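Let's have the full structure, built from the sequences with the hints guiding it.
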Amino acid sequence: MKLTNLLTGAALALGLATSAVAQDKTKVGFIYVGPIGDGGWTYEHDKGRLAVEEHFGDKVETVYQESVPEGADAERAITQMALQGADLIFTTSFGYMEPTLSVANKFPNVKFEHATGYKTAPNMSVYSARFYEGRAVQGHIAGKMTKSNIVGYIASFPIPEVIRGINSAYIHAKKVNPDVEFKIIWAYTWFDPAKEADAATALIEQGADVILQHTDSTAPQAAAEKAGNVITFGQASDMGEYAPMPRVSSIIDNWAPYYIARTQAVMDGTWETVNTWDGIGAGMVGIGEISDAVPADVKAEALAMKDAIASGEYNPFTGPLKKQDGSDWLAEGETADDGTLAGMNFYVEGLEGDIPQ
Amino acid sequence: MLRLEKRPQPSAFWSWLTPLIAVVVTMIAGGLLFGALGKPPIEAIRTIFWEPIFGEFSFYYRPQLLVKGAPLVLIAIGLSLGFRAGIWNIGAEGQYIIGAICGAAVGLAFYPTESWVIFPLMVLAGALGGWAWAMIPALLKVRFGTNEILVSLMLVYVAEQLLAAMALGPLKNPEGFGFPGSRNLQQYPSAHNAEIITGSGMHWGVVAALVAVIFAYILLNRHILGYHIRLTGQAPRAARFAGVRPRLLILFCLGASGALAGLAGMFEVSGPTGQISIDFNVGYGFTAIIVAFLGRLHPVGIMLAGLLMALTYIGGEIAQSNLGLPAAAIQLFQGMLLFFLLAVDVLTNYRVWLTSTEAA
Numbered sequence: 001m002k003l004t005n006l007l008t009g010a011a012l013a014l015g016l017a018t019s020a021v022a023q024d025k026t027k028v029g030f031i032y033v034g035p036i037g038d039g040g041w042t043y044e045h046d047k048g049r050l051a052v053e054e055h056f057g058d059k060v061e062t063v064y065q066e067s068v069p070e071g072a073d074a075e076r077a078i079t080q081m082a083l084q085g086a087d088l089i090f091t092t093s094f095g096y097m098e099p100t101l102s103v104a105n106k107f108p109n110v111k112f113e114h115a116t117g118y119k120t121a122p123n124m125s126v127y128s129a130r131f132y133e134g135r136a137v138q139g140h141i142a143g144k145m146t147k148s149n150i151v152g153y154i155a156s157f158p159i160p161e162v163i164r165g166i167n168s169a170y171i172h173a174k175k176v177n178p179d180v181e182f183k184i185i186w187a188y189t190w191f192d193p194a195k196e197a198d199a200a201t202a203l204i205e206q207g208a209d210v211i212l213q214h215t216d217s218t219a220p221q222a223a224a225e226k227a228g229n230v231i232t233f234g235q236a237s238d239m240g241e242y243a244p245m246p247r248v249s250s251i252i253d254n255w256a257p258y259y260i261a262r263t264q265a266v267m268d269g270t271w272e273t274v275n276t277w278d279g280i281g282a283g284m285v286g287i288g289e290i291s292d293a294v295p296a297d298v299k300a301e302a303l304a305m306k307d308a309i310a311s312g313e314y315n316p317f318t319g320p321l322k323k324q325d326g327s328d329w330l331a332e333g334e335t336a337d338d339g340t341l342a343g344m345n346f347y348v349e350g351l352e353g354d355i356p357q
Numbered sequence: 358m359l360r361l362e363k364r365p366q367p368s369a370f371w372s373w374l375t376p377l378i379a380v381v382v383t384m385i386a387g388g389l390l391f392g393a394l395g396k397p398p399i400e401a402i403r404t405i406f407w408e409p410i411f412g413e414f415s416f417y418y419r420p421q422l423l424v425k426g427a428p429l430v431l432i433a434i435g436l437s438l439g440f441r442a443g444i445w446n447i448g449a450e451g452q453y454i455i456g457a458i459c460g461a462a463v464g465l466a467f468y469p470t471e472s473w474v475i476f477p478l479m480v481l482a483g484a485l486g487g488w489a490w491a492m493i494p495a496l497l498k499v500r501f502g503t504n505e506i507l508v509s510l511m512l513v514y515v516a517e518q519l520l521a522a523m524a525l526g527p528l529k530n531p532e533g534f535g536f537p538g539s540r541n542l543q544q545y546p547s548a549h550n551a552e553i554i555t556g557s558g559m560h561w562g563v564v565a566a567l568v569a570v571i572f573a574y575i576l577l578n579r580h581i582l583g584y585h586i587r588l589t590g591q592a593p594r595a596a597r598f599a600g601v602r603p604r605l606l607i608l609f610c611l612g613a614s615g616a617l618a619g620l621a622g623m624f625e626v627s628g629p630t631g632q633i634s635i636d637f638n639v640g641y642g643f644t645a646i647i648v649a650f651l652g653r654l655h656p657v658g659i660m661l662a663g664l665l666m667a668l669t670y671i672g673g674e675i676a677q678s679n680l681g682l683p684a685a686a687i688q689l690f691q692g693m694l695l696f697f698l699l700a701v702d703v704l705t706n707y708r709v710w711l712t713s714t715e716a717a
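Quick mapping for you: the protein sequence lines, in order, are chains A and B.
The first sequence begins at 1 in the working numbering and counts up one residue at a time.
The second sequence begins at 358 in the working numbering and counts up one residue at a time.
Just so you know, these hints were derived from the structure itself, not from any lab.
Just so you know, these numbers come straight off a predicted model, no measurement behind them.
We treat Cβ as the ideally placed atom computed from N, Cα and C, and that holds for glycine.
Treat the hints with caution; some may be incorrect.
[To be verified] Between beta-carbon pairs, the in silico distance windows are: (1) A/THR340 to B/GLU400: 51 to 57 Å; (2) A/ALA300 to B/GLY692: 32 to 38 Å; (3) A/ASP325 to B/GLY395: 54 to 60 Å; (4) B/GLY392 to A/LYS59: 26 to 32 Å.
[Unchecked claim] Below 27 Å or equal to it, Euclidean Cα-Cα: the simulated BS3-like pairs (lysine-lysine) are: (5) A/LYS144 to A/LYS323; (6) A/LYS323 to B/LYS396; (7) B/LYS396 to A/LYS47; (8) B/LYS529 to A/LYS25; (9) A/LYS25 to A/LYS183; (10) A/LYS195 to A/LYS183; (11) A/LYS226 to A/LYS183; (12) A/LYS27 to A/LYS147; (13) B/LYS396 to A/LYS59; (14) A/LYS59 to A/LYS174; (15) A/LYS195 to B/LYS529; (16) A/LYS119 to B/LYS529; (17) A/LYS27 to B/LYS396; (18) B/LYS529 to A/LYS183; (19) A/LYS47 to A/LYS59.
Below is the structure:
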């Protein structure tokens with residue numbers, strides 16, 4: 001009898017102790033669209049998660065679920081994390097917007113952060129990076145380095161974020177090389193190595209000697225390496241294993257500072273709904289090392305542009321710019337406002353083809 | 358030494374027992390796999406099979422089993438009819454997509470009118486869409502003798518392109534800031550396939566799946582058409598003498614499986630998913646093939662297999678998040694299930710004798 005009591009007491013104490021510890025820890029959840037080893041988008045988000053763990057040590061516990069399909073499955077995955085006691089949940093793909101909103105309404109005490117969307121709630125923020133700033137630097141290098149004057153672009157989905165990237169790269173390539181032409185293939189995927197490799201090969205066969213990609217795998221890099229004399233840029237992640245050729249530079253997503261700051265805000269109880277859109281200046285977008293395959297003067301110009309964007313001195317969308325149909329968009333010296341950029345659904349003048357509608 | 362002897366007829370006893378053995382063997386092999394990954398094996402298996410039904414948050418997961426299982430069962434029932442007759446519809450995923458597009462399109466055409474007729478019309482459109490998509494391989498097979506496996510599979514990719522075009526074009530949400538994807542049907546009451554009892558997970562697709570199970574059972578056991586289906590699968594030549602019209606059977610089996618897959622897509626788009634988006638389909642049409650075989654092509658078996666598959670999905674997600682198991686390990690685990698089922702199937706078709714080595 002005594003022994004049983006003792007055991008019950010011990011078990012109870014243990015139970016209380018564990019729940020007390022659990023309460024001390026801030027639990028942060030991550031929902032990923034691809035596998036953490038994709039070498040691109042999801043890989044960088046997961047690096048952000050690991051940075052949170054390293055920064056806060058014992059004070060946080062992180063959980064994640066990878067390769068979550070967008071739609072009903074995402075809603076269950078997010079709900080499940082909320083049920084398991086997550087305090088803060090990052091959902092890291094555009095397609096998670098509706099599911100995140102729906103779960104956020106059901107769990108008012110849990111904070112949600114959705115990447116690249118536009119819907120917010122009292123407990124749901126959105127965050128994204130101004131990748132188009134990096135695209136400007138890429139466009140400059142691409143325009144200078146192409147010999148065939150054909151730049152291939154593997155686009156994912158015709159959403160504003162991708163269209164901004166195409167426009168930004170094109171504007172800056174055209175600026176240094178008036179003869180440049182963009183060939184765009186819509187892959188309709190964020191991550192599909194086979195499809196991406198096919199797209200890269202098709203573009204190279206059409207004469208492209210620069211491949212830009214808005215998809216996350218390294219398959220286009222491998223295809224370019226095989227073809228030889230084709231340059232590429234790392235996407236989302238540095239993809240440095242393909243440097244110095246074909247990968248001559250990259251756009252790197254750096255989510256760690258944001259994830260750490262938001263986790264800190266939850267710990268401090270100062271979390272508020274925000275709409276974050278940071279670029280090179282704030283460190284959310286990084287430019288990977290420009291390799292020796294790029295001539296020194298081009299490299300210097302590219303770096304100068306990067307610094308000008310970072311300091312706010314230069315905006316990649318500065319007039320005079322016209323839309324594809326020839327109508328005026330931005331007057332001389334005028335810069336694009338965030339509202340137009342956020343919903344961008346048109347090409348700038350000079351780009352050929354139509355945005356799939 | 359083990360010696361195999363072919364049974365004159367597949368054993369009925371073993372054909373019911375082998376799925377259970379396959380599940381147990383999968384648990385053991387899966388446990389070893391999880392152990393090799395440095396995760397507690399028993400805890401992982403327990404999380405996958407126990408947590409969704411009896412765990413702390415089962416109030417949420419139990420209804421989700423119905424949500425996840427219903428489309429699998431609905432599609433697998435349709436597939437099983439053809440599979441029994443040796444007619445292989447591999448393109449249920451495509452029919453599922455077309456059903457969803459047609460159903461959603463009809464609903465969105467009425468937006469924002471509210472009326473009780475809208476949802477029944479959507480159901481009809483969904484079934485018709487799936488049926489029509491399945492008629493392509495059916496007619497090609499009947500008319501030109503093409504292979505329905507290839508044609509139906511290829512049409513999946515066509516359907517996926519059509520889905521992308523719809524999400525970006527005609528069905529795009531006009532208030533969506535240019536982003537792809539349709540309006541959310543969950544926010545349009547007349548078109549919303551809502552839960553019949555809140556929190557139960559029981560939406561009209563679940564009801565349809567149960568009805569399909571009952572109808573398939575009656576069809577196969579009590580109806581001359583079901584007899585013809587079974588006969589064609591077991592003895593095609595004899596079937597012809599018995600008055601079976603093979604072309605009609607092809608049209609019926611592909612049409613029925615297409616219509617059921619279309620229904621599944623329609624209930625999914627108007628309910629749990631809510632909107633047409635570029636990657637709306639998540640592979641139910643392919644997983645349903647596993648479910649059909651796991652359920653022995655028998656309506657009741659399929660129902661149980663569908664729930665089991667749903668369990669591994671939901672339990673697998675919990676294991677991922679709680680124990681940090683990689684997604685690939687869970688997919689491997691599900692694949693093992695079919696693999697072991699096929700492997701232990703040898704017991705259904707063969708008798709195993711233990712013979713002494715001296716005799717050999």
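Evaluated hints:
no.	hint	verdict
1	A/THR340 to B/GLU400: 51 to 57 Å	52 Å, holds
2	A/ALA300 to B/GLY692: 32 to 38 Å	53 Å, violated
3	A/ASP325 to B/GLY395: 54 to 60 Å	58 Å, holds
4	B/GLY392 to A/LYS59: 26 to 32 Å	31 Å, holds
5	A/LYS144 to A/LYS323	23 Å, holds
6	A/LYS323 to B/LYS396	56 Å, violated
7	B/LYS396 to A/LYS47	22 Å, holds
8	B/LYS529 to A/LYS25	43 Å, violated
9	A/LYS25 to A/LYS183	50 Å, violated
10	A/LYS195 to A/LYS183	16 Å, holds
11	A/LYS226 to A/LYS183	20 Å, holds
12	A/LYS27 to A/LYS147	52 Å, violated
13	B/LYS396 to A/LYS59	23 Å, holds
14	A/LYS59 to A/LYS174	50 Å, violated
15	A/LYS195 to B/LYS529	24 Å, holds
16	A/LYS119 to B/LYS529	17 Å, holds
17	A/LYS27 to B/LYS396	20 Å, holds
18	B/LYS529 to A/LYS183	25 Å, holds
19	A/LYS47 to A/LYS59	18 Å, holds
Hint compliance for this structure: hints 2, 6, 8, 9, 12 and 14 are not met, and every other hint is.
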